[in-house]
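Got chain A sorted already, so can you dock chain B onto it with the hints?
Which chain is which? The protein sequence lines are A and B, in order. Take the first sequence: its letters are residues 1 to 113, numbered as in the numbering used here. Take the second sequence: its letters are residues 1001 to 1117, numbered as in the numbering used here.
Read the hints as simulated data drawn from the structure, not as lab findings. Even for Gly, the Cβ is constructed at its ideal location relative to N, Cα and C. Take every hint as true, because none was put in to throw you off.
Computed beta-carbon distance windows for the label pairs:
| # | chain 1 | residue 1 | chain 2 | residue 2 | range |
| --- | --- | --- | --- | --- | --- |
| 1 | B | Q1069 | A | D63 | 38 to 44 Å |
| 2 | A | T100 | B | E1029 | 16 to 22 Å |
| 3 | B | A1071 | A | K15 | 47 to 53 Å |
| 4 | B | P1009 | A | G85 | 19 to 25 Å |
| 5 | A | G72 | B | K1070 | 36 to 42 Å |
| 6 | A | I12 | B | N1067 | 38 to 44 Å |
| 7 | B | K1070 | A | S7 | 40 to 46 Å |
| 8 | A | D74 | B | Y1054 | 34 to 40 Å |
Which chain A residues face chain B? A few, computed with CB under 7 Å, are given here:
| # | residue |
| --- | --- |
| 9 | G42 |
| 10 | P43 |
| 11 | L45 |
| 12 | T98 |
| 13 | P106 |
| 14 | G107 |
Below are the chains, spelled out letter by letter.
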Amino acid sequence: EAGVVQSPRYKIIEKKQPVAFWCNPISGHNTLYWYRQNLGQGPELLIRYENEEAVDDSQLPKDRFSAERLKGVDSTLKIQPAELGDSAVYLCASSLDTRTEQYFGPGTRLTVT
Amino acid sequence: AQTVTQSQPEMSVQEAETVTLSCTYDTSESDYYLFWYKQPPSRQMILVIRQEAYKQQNATENRFSVNFQKAAKSFSLKISDSQLGDAAMYFCAYRSPEEAGANNLFFGTGTRLTVIP
Chain A
1 EAGVVQSPRY KIIEKKQPVA FWCNPISGHN TLYWYRQNLG QGPELLIRYE NEEAVDDSQL
61 PKDRFSAERL KGVDSTLKIQ PAELGDSAVY LCASSLDTRT EQYFGPGTRL TVT
Chain B
1001 AQTVTQSQPE MSVQEAETVT LSCTYDTSES DYYLFWYKQP PSRQMILVIR QEAYKQQNAT
1061 ENRFSVNFQK AAKSFSLKIS DSQLGDAAMY FCAYRSPEEA GANNLFFGTG TRLTVIP
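Pulled out of the complex, with its shape left as it was, chain A reads as follows (with noise of 0.2 Å):
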């Protein structure tokens, strides 16, 4: 059975300028979770979907981050305009519902110069 797919698993950017994260997760897994992990720092949820509905999003950056999870599967985290604070690695992990086990992804490296 596939893992948790994140892509790309490095990215560089230059603030101010946008990025995207994609995760593909577990097939029939129905909650899907973005955590960043600050360097020496142990991941925080950033948004949790249901489905396709985000039901916990309070940590995210509203201003300038964004998610979406199409047809409750697939889901994209973006950053725009990302800062050098965003400089972070960024994991996906999803889970059959709410009350079982999280399958985490490789996460995405991001490094804003």
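Chain B alone, transformed into the frame defined by chain A:
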């Protein structure tokens, strides 16, 4: 939000020896879940072991076991017979019970484990 504290930024262990990683947490909930995740350089978080707070028995998974002290809000991970492949960042995480309606994980800051050949 719940807080999870890992007070050991780095630990090292000799191959085949035993090491214990510490974790404490703060919560007002009586029922919850605790996890240890491993993050190798590939960055993929891998679940090592989980503990349900309502279970008194400590969870074990092959060479990995936990010491869960609910009253002290402590959740340490013991790795026995350490192997080179155990070298990674280890994160302790907390999750509220299903009744709370959320499955959000709260992570500590991690402990980097080095295994010395």
